[in-house]
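Chemist: The primary structure of each chain is shown beneath.
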Amino acid sequence: MVGLPARGKTYISRKLHRYLNWLGYNCKVFNIGNYRREICGTECDKNFFDSKNEQATKARNECASMALNDLINYLNSDGEIAIFDGTNTTKQRRNMVQCQLLQQCQNVQTLWIESICDDVEVIQNNIKLTKLNNPDYISMSPEEATKDFLGRIKMYEEVYQKIDLDEKLSFIKLINIGEDIQIHKVKGYLLSKIISYLMNLHTYPRPIYLTRHGGSIFNQENRVGGDCDLSQQGIQYSQQLGKFLFEEFPNQEQRDQIHCLTSTMKRATHTADIVCNILKINYLQLKTLDEINVGICDGLTYTQIAIQFPEDFAERKVNKLTYRYSRGESYLDLISRIEPIIYEIERSREPVLVIGHQAILRSLYAYFHRNEISEVLQLEIPIHVVIKLTPAAYNCEEIRIKIDPDTGERKQIEEDLQFTRFNILTKKKSYILL
Amino acid sequence: MQQYKKTQNKLILVLVGLPARGKTHISYKLNRYLNWIGYKSEIFSIKGAQQNNDQLDQNIDYELEIDPANQQFVDVRQQLSFTAAHQLVNFLQNDGDIALYNGLTSTKLDRQKLKSLFKEKLKLEYQVFWIESICDDPQVILNNINESKLSRFKEKTIEQFMNQINVLAQDYESLENIENLSYIKLINIGKLVKVHMLEGYLCSKIVSFLLNLHANNRQIYLVRSCQTEYHLLDKIGGDPELSATGKQHSQQLGDYFIEELKGNKNITFFTSQMKRGIQTAEIVGDKLGIKALKTKNLDEIDYGICDGLTVKEIAAKYPKQIKERKANPLEFKYPRGESFLDVIHRVEPIIYEIERSREPVLIIAHVAVLKCLYAYYHCNQINEIPNIDIPINCVIKLVPIPYHCLESRVIIK
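Order-wise, the sequence lines are chains C and W.
Anchor point for the first sequence: position 250 equals 250 in the UniProt record's numbering, and the numbering is continuous, going up by one each time.
Anchor point for the second sequence: position 44 equals 44 in the UniProt record's numbering, and the numbering is continuous, going up by one each time.
In short, the hints are calculated from the structure, not lab data.
C-beta: ideal position from N, C-alpha, C; glycine also.
Don't take every hint at face value.
Stated by the list, open to error - Listing some non-contacts, in silico: residues in chain C with all C-beta distances to chain W over 10 Å:
1) 25
2) 251
3) 257
What the hints assert, rightly or not - Over 10 Å on every C-beta distance to chain W, these chain C residues come out as not near it, computed from the model:
4) 95
5) 119
6) 123
As the list claims (entries may be wrong) - Think about it this way: if two alpha-carbon atoms lie no more than 20 Å apart in a straight line, the pair counts; the simulated EDC-like pairs of lysine to aspartate or glutamate are:
7) C/185 to W/136
8) W/320 to W/302
9) W/194 to C/167
Could you put the whole structure together from the sequences, leaning on the hints where they help?
Modeler: Spelled out as structure tokens, the structure:
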């Protein structure tokens, strides 16, 4: 990363980290600030960042070197993508980093991501959201902290050199949260993907509602797959859901802005029909949101699957993430399938409502909330519950509301998770995002 | 197409740039891509306006007659550019979705006039996105002229053309932020790209697409997986393995490619996740010393409830579906399966990969999927897709060149 403090570098790093992990890559962020806090302590005021302060500059350079060394070690072992989260504001520093990386890492590609912002309001907002809670400023009042931080930015500004074409680096410059974007010398599958992803990022705090379709006939019979319709309770839930969202968005103008996405399966479309009728909006049917294809097990109950396909059933228990139903899909296929939806949701600056199915929502939810995709499978997405996610500074705020289909009573509930660690297959080439 | 087309405003893509900067090439490629993914898209240019105008001398190529000293030509070009803009407005007012404009846009004044014209004449919601191509590498410009313009020069020489461009360049004004336009600047075929005020689903897609374009004319090979038992039994769908003959044919395919690719190991090699695709690709790959990337996106169309049945069985069991399919082969969706439109959507990421690749591309897949890929390069309308012929044991070689795609087919015995 490159950029003055409070330009969103850590925000971008973390989002990229979450996205790349979700896709299945081994990715890690190396934040120079964290190294500095550990080695030099958290009592560094703005004078520590003065380039004329020789002793402090030496200390800061050492911290950066340590972070870089750890990064290089990570890539040379089993890491595939590393994100170097620091200011890297001078040509000299960037040159040093680039040379060291090319020398010490086998087969590496680098991409420099520069975040530039001259909108004072945005910067003040960033400071308020992310810096005041920083360990650096625990002992200070908000006004003192802000003043000191602005002073720190000034120190960096004195020596800041934006990335120049002469440096011959592959880069992307994000100016004023994507109002202007410059891309230079970007080639290759993964870098192109990352660029497309970064172009869609913004910081509008719009809510995302995830819910399963209302209870279906197959749900009642405990069957998987199929394309059945809603049960009576399912229909009632859809109506209650519609009423709930109607109240969430008090006027029609707000409601008109909601993007409603659903699948092409009867149960989801029926739910969307009812909800969108109440909200008086349109919805979009996407085959990419269809439930995971269970192939030959379609229409069977879990007990029947265990009897008819015992080997498959056992294999699935052991290896739920990569297990692919015969003539069907695996969770990894699913994640690859719904990736465009992630882009859509990220890009959208208006509220989004997704009416989907369990496996789909687990995968979507995993992107917004967790880093380990192994945890996808344990996620609980119960029926008749709507999950509201509001992206905040570095993560998502979540509210889960259980809506009783009969009475319409709404109750906020907590999620209940169990995590297991899991190893994912790795690939050969490694990448560094700076 | 209701599924994938969002309820959105009409889109106008305006191309900006000096002559021989690849504007027409970009507009053709974009137009082809947008039509393929289901939008109704058309290009409006000086050339197009000239062809529709009987009063003009069709022997003069007004697109190339850029001599600023010849006032008569300048006036005609001005007029044609204006006509094209009006035709564009008509198109969008009716049922067009996206219009590409390749006319006179080189100065701020021209652009201002264009914006005003749209504002005045278009009575519906629309968005304008400006695409500028800038090039300062003389070799690239020379290549552009050689590849796309030279055949149209009557008495002109390349030198004359370059000189005329240089005169035009003096009045040329590149897009600036002050003009308050949403744009993308492609500099030296995408080596440096600048994007300003990007908005909207479709524009994001278009930007991603443009980032992948390049000028290398590399070959694309489309091949079906070889024979399986299902072929012999006349069954469709399923996930059968190769028959003995199939394996033999795969060997011959491998031999063919050894000669074709002449030892190039850097090719982009894709296949599906179906057994017959993987097996064919393994045999061919072994011969070439490269491994194929397996992607589920290249899997054969999902035949839903008709999967694994013979053609006769389907006719007997599902006569209603057969009738539906005959009526509308493009949009017909096998119950619990897919339609061609779903396949197009599924195969789109592969198109990006092919476009991005500067090395030869080899794809081993299946009939319906290859029809969709082939249509991207060759068909002007997607309703031609169901009728495309993709025979087995046949290598289809496509070489996209400016404005066309060369094709040759080789049957492997």
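Chemist: All hints, please: hold or fail.
Modeler: Okay, the hints, checked on the actual structure:
1. No Cβ of chain W comes within 10 Å of the Cβ of residue 25 of chain C; the nearest lies about 16 Å off, and the non-interface call holds.
2. With a closest Cβ-Cβ approach of about 21 Å to chain W, residue 251 of chain C is found to remain outside the 10 Å limit, as its non-interface label requires.
3. Once the 10 Å rule is applied to beta carbons, residue 257 of chain C is consistent with being away from chain W; the minimum gap is 13 Å.
4. Every CB of chain W is more than 10 Å from the CB of residue 95 of chain C (nearest about 20 Å), matching its label as outside the interface.
5. Look at residue 119 of chain C: its CB is around 14 Å from the nearest CB on chain W, clear of 10 Å, so calling it non-interface holds up.
6. Listed as a non-interface residue, residue 123 of chain C keeps its Cβ farther than 10 Å from every Cβ of chain W; the least gap is roughly 20 Å.
7. For a cut-off of 20 Å, the pair hint linking residue 185 of chain C to residue 136 of chain W stands: about 16 Å separates their Cα positions.
8. Restraint check: the Cα-Cα separation between residue 320 of chain W and residue 302 of chain W comes to about 18 Å, which is no more than 20 Å; the hinted pair holds.
9. For the hint pairing residue 194 of chain W with residue 167 of chain C, the CA-to-CA distance comes to about 18 Å; that is within 20 Å, so the pair holds.
The structure meets every hint from the earlier list without exception.
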